[in-house]
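Could you build all of it, start to finish, from the sequences and the hints given here?
6 protein chains.
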Amino acid sequence: MGFVTHLDDSGHPMMVDVGSKDLTSRRAVACGWIILPNKIYNMVDKGDVPKGDVLKVAELAGIMAAKKTWEIIPLCHNLRLDHVKVRCELDELRHGIKVTSEVSAREVTGVEMEALTAVSVALLTIYDMCKGIDKGMHFEAIHLVEKSGGKSGNYLWEDRESAQDD
Amino acid sequence: MGFVTHLDDSGHPMMVDVGSKDLTSRRAVACGWIILPNKIYNMVDKGDVPKGDVLKVAELAGIMAAKKTWEIIPLCHNLRLDHVKVRCELDELRHGIKVTSEVSAREVTGVEMEALTAVSVALLTIYDMCKGIDKGMHFEAIHLVEKSGGKSGNYLWEDRESAQDD
Amino acid sequence: MGFVTHLDDSGHPMMVDVGSKDLTSRRAVACGWIILPNKIYNMVDKGDVPKGDVLKVAELAGIMAAKKTWEIIPLCHNLRLDHVKVRCELDELRHGIKVTSEVSAREVTGVEMEALTAVSVALLTIYDMCKGIDKGMHFEAIHLVEKSGGKSGNYLWEDRESAQDD
Amino acid sequence: MGFVTHLDDSGHPMMVDVGSKDLTSRRAVACGWIILPNKIYNMVDKGDVPKGDVLKVAELAGIMAAKKTWEIIPLCHNLRLDHVKVRCELDELRHGIKVTSEVSAREVTGVEMEALTAVSVALLTIYDMCKGIDKGMHFEAIHLVEKSGGKSGNYLWEDRESAQDD
Amino acid sequence: MGFVTHLDDSGHPMMVDVGSKDLTSRRAVACGWIILPNKIYNMVDKGDVPKGDVLKVAELAGIMAAKKTWEIIPLCHNLRLDHVKVRCELDELRHGIKVTSEVSAREVTGVEMEALTAVSVALLTIYDMCKGIDKGMHFEAIHLVEKSGGKSGNYLWEDRESAQDD
Amino acid sequence: MGFVTHLDDSGHPMMVDVGSKDLTSRRAVACGWIILPNKIYNMVDKGDVPKGDVLKVAELAGIMAAKKTWEIIPLCHNLRLDHVKVRCELDELRHGIKVTSEVSAREVTGVEMEALTAVSVALLTIYDMCKGIDKGMHFEAIHLVEKSGGKSGNYLWEDRESAQDD
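Protein chains in written order, with the UniProt record's numbering: chain A, 1 to 166; chain B, 1 to 166; chain C, 1 to 166; chain D, 1 to 166; chain E, 1 to 166; chain F, 1 to 166.
It is worth saying that the hints were derived from the structure and are not from the lab. This structure is a prediction, so every number in the text was calculated from the model and none was measured.
For lysine-lysine, the following DSBU-like pairs were computed, each having C-alpha atoms within a straight-line distance of at most 30 Å:
1) 68(E) to 68(D)
2) 46(E) to 98(E)
3) 68(A) to 21(C)
4) 151(D) to 39(C)
Here it is in structure tokens:
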């Protein structure tokens, strides 16, 4: 039986009390896509756009955002992260760029929000850098791929999908 | 003919020079969806989840993020915003919550990034508040709906779609 | 025998060395009031002002500020908080709104400043939202109610008052 | 007829639209007190506490906080300030330290919140630096002294008091 | 006749009042060096260290820092920048890497601090990325190269040097 | 054999994984100089410039910057610091002001960057406060003096110098 942990019974916001939880190894992986109009996709594919540089700026932005998650998401705890990695790569199938993030920490709460924030900000950064060419880009399928550690145990996006099918 | 305005010819990042551009009225609207698994969707729909409160926290987070866009997106200019509004509403069709933002400013560059950042952060905040129920949510179709003001003129997402069809 | 721990003998500022202190459970409660002119008080009391919404925005602002205390107060340590709660309620006696905060952490220094900062920022936020009606509000009696944990032991505001009377 | 400008009719938060307002000279003065227990008051009065240094750190903290007001108070606009001054002085009458701030800007909205935030943060900073001596301090009578500029015209705290008396 | 503009007659800090100054075009250029031990210098020179990537991360860090100057330097005004560019290049003569920044704005105060902050942070970022190889790097000759705009007129570092010689 | 730990084999940025490292006591000392033109040096030396106040503002700025290092330097981990001290003193030999910082923490990575950032920001703050007198100041010899703690062991700048001589 689930509940919105960030609101009390009268709907008042709060930062969940994690004072009784121990530090354990946490890890989360998230991903998402920016779908590109033909013009941009082809420029990136042919190298007319300095792809490496655009993608590395986006990766860096994602890493920096992961560290600021507690500041951006109102009820997130401020965590000390052990590791953040963000990768952007051209994805022919979806006709765009796939962003994947991986975050780990020894902490009292999970790092799902850090992973999702890193992906979102990397996508926003790609949009920002390419919007001079064409504004018709959009973000798709931003989701948590997997998480491990903590009381709620492991989570795999794929398992969820089969569960939905039942 | 488009180009990546945030990189010079050798791929070095830069904050575009807007020193010759005048202040004009800028406006941007963006939107996006968080798709909810049945369990959460039904709880929200029936009021088992204090919907109003979850959505208002998300709206506030989106507004605050719009003001921090220049800090989160590496090459964005720091702008002075005149107005930010973020609205979250249940969307039966997409089986989730739709977030819409509207930002305006009298500035030398557009406010598209502010609008998109507001939507992304509002979505992340909803995820954060509901993830204790089920982590199987994802974000979809985050895009710029329209913009006006500035040299590049007006932009409408819908026009883009018909253009793509040609 | 007390001393200003944040200055050395020549008056130079420093962040106190807590390197020899262990992590222990810390908790602090603070409160304060915003006194309202009749016009606003009555509007809030009768529900002409959407009280719930004003107060929840203030509560959220207080929570977020608690996390930023180390950034706002120059010589505060940056702590990792376990829990933050802020509550605002109409107070007939003082003719205003009472804000109470509670903060806890397993840390090497106390969380008094986090609790007091949360109260102050929640009060400022109420002022900001109601100042369009009447600017004649003021803040009163912002103080630490109690703290526990750490070498200096427990503290109760009430005990202080009787001590003052001696 | 007043209203809460930061909420729409359904109680959703928003950053007020100031897009039709022109830049005008704005100025606001605020003040407040930290009331000290005898022990601290006497130490400060006799110079056992390096008063100048404590108060200058507090003044600096207040100035820096004024610049961050838009980040701390959720629905404040991010303004460009022309001038910020914060002064702390021993006040025998109230048995404590009086903090006064003055902020000015050529902007589309008033700087009341910047002035009140500067006072609040300076008070918090004094508390932080002296709490090692005695935690029994509290803040009192934080209020807007005067403001000028903008459509709503001038405001004087004193006028309010006589109005209340009517 | 010069004076410390950020302190009043009693040494209290303040943010200088620029309320009577008009917006004019401002520009500042600054530079500085990080001197490398042989081991790192040779690795960078031969391409054993992915030079382009290290330097581009540093450039980006410098640009982002320029935007945060008002937050880092206590008495700086928060400005709206029109343009920021940071370039890092290997310098055989000084046996290190030279960082140059250029900042421009239409503002009421100069952008010297933004330019110097950008250089300092880019240098710190190079140090951070290479310190795993050898910590024996240092920064040298960080200075303002030139500035234009504003009441105090143009400034050229070179002119200063000849003046010193007199 | 050294390597740039913040880039993977293809030059993509990442925040190094410190997940297998234990908390140990870390300490770092850094220093640097701002060289003053005669005019400023003499004013400071004779007390025409309120030296104590300028230097204390710079010290405070350095302390606050140490806490923000993770936000300013893109790939730094966000650490919890135990102690930060920054001292500024007139240095006749170098004809300027010497800034020294000392930072300690029980952490999984070193605090070298925090110490160097504190020095850099204190120097920038002195520049900011004195630039109204003469802009011809520069920073020199900013370096890590020593560090202890962690797997890479102790480091002394002096040892490095003799090593270079070999």
